[in-house]
Amino acid sequence: MSLDDLLPFISSRDGALELFNLRRLPRVTLYFRKGRLNCVYLGSKPVDALQARSVIGELIEARKGSFEFIPNAQPRVCPEVLGWPVDHLLISVTTTSDEYAQLADRLPHPETVFELTHIAVPDDTRISDFWKRAHIYLQEGASAQQLATKLGMPVDHARFYLLKLQQLGAVVAVRASQKQKRERRAGVAARLLGSLKKRFFGEGSAWSH
Amino acid sequence: MEPLKVVVAGPVGAGKSTIIRTLSETEVVDTDALASEEIGKETTTVAMDYGTLHLGDQLLYLFGTPGQDRFDFMWDVLSEGALGLLMLVRGDRPEDFGPARRLLDYITSRHPVPYVLGVTRQDQPPVWGPDEVAPFFGVPLERVVGLNAKDPRSAVGPLVRLLELIMAEEQAT
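Chains as they are written, first to last, in our numbering: chain C, 14 to 222; chain F, 216 to 388.
Take the hints with a grain of salt, since some may be wrong.
[What the hints assert, rightly or not] In silico lysine-lysine, DSSO-like type, Cα no more than 30 angstroms apart, as pairs:
1) K145(C) / K192(C)
2) K177(C) / K192(C)
3) K220(F) / K47(C)
4) K163(C) / K192(C)
5) K163(C) / K77(C)
6) K177(C) / K163(C)
7) K211(C) / K192(C)
8) K77(C) / K58(C)
9) K220(F) / K145(C)
10) K145(C) / K47(C)
11) K220(F) / K365(F)
12) K58(C) / K145(C)
13) K220(F) / K192(C)
14) K365(F) / K211(C)
15) K365(F) / K58(C)
Just so you know, the hints here were simulated from the structure itself, not pulled from any lab data.
My request is simple: use the sequences and hints to build the entire structure.
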């Protein structure tokens with residue numbers, strides 16, 4: 014049974030769903046109350062909203078693992094109550110997974126550095142959760158690889174969010190030529206340009222744009 | 216005089232091999248192989264294309280990078296210390312703009328290399344023009360040039376623009 018089949022089945026009950034024997038994650042515990050996912054634990058620690066989305070995404074992709082439901086169990090500590098209706102969550106995460114698959118060849122390289130163009134929180138909660146945590150690093154310039162490490166999320170998810178922010182015009186790729194000095198070859202361009210025009214357009218011909 | 220290199224990059228089928236063949240004065244060394252996946256053509260570059268151009272007493276190397284992601288290490292190797300980067304994208308294949316932007320962003324964010332974006336197939340309308348492509352890539356219009364990679368006088372356009380931009384930058388500093 015996949016997680017997207019399992020969640021609706023048990024989410025109407027209060028309690029904790031423990032998932033283990035997962036390939037890429039330690040034990041995950043999801044706490045439900047009144048049809049809402051209120052808290053996610055990764056191992057023994059609660060995670061924030063951004064990490065919770067990543068964890069749910071990974072669980073849906075995982076396909077293999079074991080689970081146990083503990084009725085009425087609630088977390089001892091939950092610093093950030095998520096309050097996500099399970100049906101909305103499933104649609105949101107499934108949409109993200111589908112979108113991710115479609116965008117695979119366009120996702121930025123993990124080492125491409127991006128920076129903010131303006132400070133404005135995106136409306137879409139999937140992206141705004143990421144933005145709220147990432148914008149401080151993006152002010153200085155950061156790559157998906159760096160953000161994944163700092164925010165504790167899979168690098169592919171960071172790449173997805175960066176692409177979304179790029180499409181919204183909220184971030185742009187940093188051009189190293191504007192940040193770093195490069196080797197100057199004084200006069201070379203002028204010399205080459207003259208020879209190039211002579212070769213392709215002939216003596217005295219002007220190249221027109 | 217030390218040779219200089221210009222890197223030609225872009226997604227599969229953008230016209231990298233074609234432009235190098237058009238501009239090179241020596242026979243192009245290519246490393247085409249039968250495509251192992253469906254990429255819209257029978258062969259593709261698997262290591263690099265290499266051509267030369269003598270401009271006065273200056274030798275210019277033209278290096279074409281393979282388009283597939285699994286050769287991304289070549290992008291760094293070839294871009295290091297390059298005079299400039301010509302990023303090509305097919306104007307009649309907007310589905311390639313995303314992968315091309317990904318490649319342009321990667322190279323230019325890691326290497327302080329001057330660049331120009333060449334939009335190929337301008338001789339085969341309907342096709343996207345430079346003014347339509349520039350906003351997608353988030354680059355100034357002056358850095359985008361339309362071309363037909365098979366026509367020498369058109370294919371040289373991006374290289375001319377690249378040199379003009381380098382000159383303008385040198386004069387400004």
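Quick rundown of the hints versus the structure:
1. K145(C) / K192(C): With Cα atoms ~25 angstroms apart, K145(C) and K192(C) stay inside 30 angstroms; holds.
2. K177(C) / K192(C): Holds, at about 24 angstroms.
3. K220(F) / K47(C): Roughly 65 angstroms separates the two Cα atoms, so the pair is violated.
4. K163(C) / K192(C): Holds, because 23 angstroms separates the two Cα atoms, which is no more than 30 angstroms.
5. K163(C) / K77(C): Given that 30 angstroms is the threshold and the Cα spacing comes to 28 angstroms, the pair holds.
6. K177(C) / K163(C): Satisfied, since the Cα-Cα distance of roughly 19 angstroms is no more than 30 angstroms.
7. K211(C) / K192(C): violated, 34 angstroms
8. K77(C) / K58(C): Distance ~22 angstroms between K77(C) and K58(C) Cα, so the pair holds.
9. K220(F) / K145(C): violated, 42 angstroms
10. K145(C) / K47(C): Since the Cα atoms of K145(C) and K47(C) sit roughly 27 angstroms apart, the hinted pair holds (cutoff 30 angstroms).
11. K220(F) / K365(F): With Cα atoms ~21 angstroms apart, K220(F) and K365(F) stay inside 30 angstroms; holds.
12. K58(C) / K145(C): holds, 21 angstroms
13. K220(F) / K192(C): Holds, at roughly 22 angstroms.
14. K365(F) / K211(C): holds, 19 angstroms
15. K365(F) / K58(C): Outside the cut-off at roughly 60 angstroms; violated.
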